[in-house]
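A.B. asks: What follows is the residue order along each chain.
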Amino acid sequence: MTRTVISVRELTKRFGDFTAVDRISFDVREGEIFGFLGANGAGKTTAMRMLCGLSYPTSGSGTVDGFDIMRDGEKIKRRIGYMSQRFSLYDDLTVRENIRLYGGIYGLGRRQTQERMEELLRRLDFMSERDTLVGSLPLGWKQKLAFSVATLHRPGVVFLDEPTGGVDPLTRRQFWEMIYEAAAGGTTVFVTTHYMDEAEYCSRVSIMADGRIRALDTPAALKREFGAATMDDVFRKIAREAKRI
Amino acid sequence: MKILLVLLDKEIRQFWRNRFLPVMTIVFPILVMLIFPWITTMEVRNVGVVVVDGDRSSASRRLVSKIGASDNFSLLGTAPDFNSALAALEAGEADIIVEIPDGFGEIRAEEHRNVSISANGVNAVKGALGTQYMLQTVMRTQAELLGEKMPFSPADDIAVLNLYNPTLEYRFYMIPALMIILMIMLGGFLPALNLVIEKEKGTIEQINVSPVGRLPFTLAKLIPFWIIVLAVLSVAMLIARFVYGLTIAGSAGAIYSASVLFVLAMSGLGVTVANHSSTMQQTMFEMFFFVVIFVLMSGLITPVESMPEWAQWITRLLPPRYFVDIMRAVYLKGTTVAELWREYLALGGFALLFDTLAVVAYKKQA
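As you go down the protein sequences, you meet chains R and F in turn.
30 is the number that my numbering gives to position 30 of the first sequence; each next residue is one higher, with no gaps.
87 is the number that my numbering gives to position 87 of the second sequence; each next residue is one higher, with no gaps.
No wet-lab data here; the hints were simulated from the structure.
Be a bit skeptical, because a hint or two may be false.
Stated by the list, open to error - DSBU-like, lysine-lysine: derived pairs with alpha carbons at most 30 angstroms apart: (1) F:K333 with F:K126; (2) R:K142 with F:K126; (3) F:K10 with R:K142; (4) F:K2 with R:K142; (5) R:K75 with F:K333.
All figures in this text were calculated on a predicted structure; none of them were measured in a lab.
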């Protein structure tokens, strides 16, 4: 029996009258790639922010790597990696400076940072770009680098918020290979995406609408349940019933 | 503490990599110190004067030539009567009308008549100071005339000696104020903008989701600007010394220790404001609000003592008010830290308050 890494019960976030996340419950097991799907405004990002210790839940409870999201936000932050679509790295620092910064932030020693940096640059074939400003890298490269930096300190869980938004199909493919590699190494991956082909790669998928989780299972089981040929059809069937789109 | 060094390294690299900030922090203070002391002056020169000479004697001519010779006045000419002189004043050509009555030169009381001075009060400073200068000129002329006719009369008996700024050089009064304005601008705005830029770009999210503590993060936002502001102050003091010949009457240590406290307070305020704002516009607007109050109410330009009582109470809540007192006293009078301990204590209190707020106002989890 594998360990449960993320466990959420009746998690709710309200902003005034608006209930962004409405009593969601789920568990994520160690080494899983957990796809967190939903239309824009369904509440994915809000839910994810609560798990990462960026936002306090209004009610309900949850743990990440055994720590309470209400009380131990700062302890959780030591154990997770996080990468979002909007940015992630400092554009006005070079590749190496960014890696060194995050190595320092997560308390890796100088030598350890140096070793992991070299390994990372080799793996990404980035050696020649190591002194390039991150801001002048193409988006796809940036995202691959951001993922590598988010996992530099070998976190137990990594949260990816639409990591492949705006990235070309070839780079997306490479990005998912990196995700698989991380998962194979025991890292739990919690990922939101709008690409349904990516949902097919996940071990399990949850689909949110109107702040609630409407479906949660393996891609194959979901397709059976909804009588759909692809995840795309499953998603459409659920999203069509949603009020908040 | 290791984390602080990591973050400081980041901030310093980002500062130098910025195309605008290093240039701004070097050029702006130098320009301010080289240009503003020449233009921020309260001395009034070239007050336009029209004379209505009803006396036409050697005495009245002496007064007119004295007016003409003064730097403070520019003699526009004489007018035949008051009304035509008033027309020149209304047209904006003249600022002051001097009406010399018939019998100005006479000293016998029954025939003596007063000179009348009429000034345009629209520009109150120019009107008031111009009138003052003119009164002095008239009185000096009268005293001279009196002295010539009655050699034993007590003529000009009053001797004025201006201590601490013996030449009453207005520039010397303004230079410490300009240094303070620079420190408010750089010490307050730079850290505020630096922080809110991380919010706008979203990079602060990556910090919020990391184990970086609030204290090291805030300190890394403050410390570089403390150093920058003290460096800028040093450059400004060198310019004051070598361009304007203004030396510090007191000790440089007294200036620096007050400046450290002051920049701690200003940067703490800037970061607190940025912590509460989500956009650059919001931060800028709030900071301008504070800067306008600081500049107008701290005694930088007009003395606190001449403000209404209620306004004087408000000034006690403004950190620059104490710093202005310290800077002028140390720079011009040579006052010591021991004599100014209340002001130092007040500045220290503000520094502690604002820097604590800056750390507390930073929320990693909302």
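A.B. asks: For K2 of chain F and K142 of chain R, compute the direct alpha-carbon distance and say whether it is at most 30 angstroms.
C.D. replies: holds, 27 angstroms
A.B. asks: Hey, K10 of chain F versus K142 of chain R, does the alpha-carbon distance stay inside 30 angstroms?
C.D. replies: The given pair, whose Cα atoms are some 19 angstroms apart, holds under the 30 angstroms limit.
A.B. asks: For the pair supplied as a hint, K333 of chain F and K126 of chain F, confirm whether the alpha-carbon distance does not exceed 30 angstroms.
C.D. replies: holds, 28 angstroms
A.B. asks: Going straight from one Cα to the other, do K75 of chain R and K333 of chain F come out at no more than 30 angstroms?
C.D. replies: Status violated; Cα separation ~56 angstroms.
A.B. asks: Taking 30 angstroms as the top limit, are the C-alpha atoms of K142 of chain R and K126 of chain F close enough?
C.D. replies: violated, 63 angstroms
Hints 2 and 5 from the list above are not met by this structure, while the remaining hints are.
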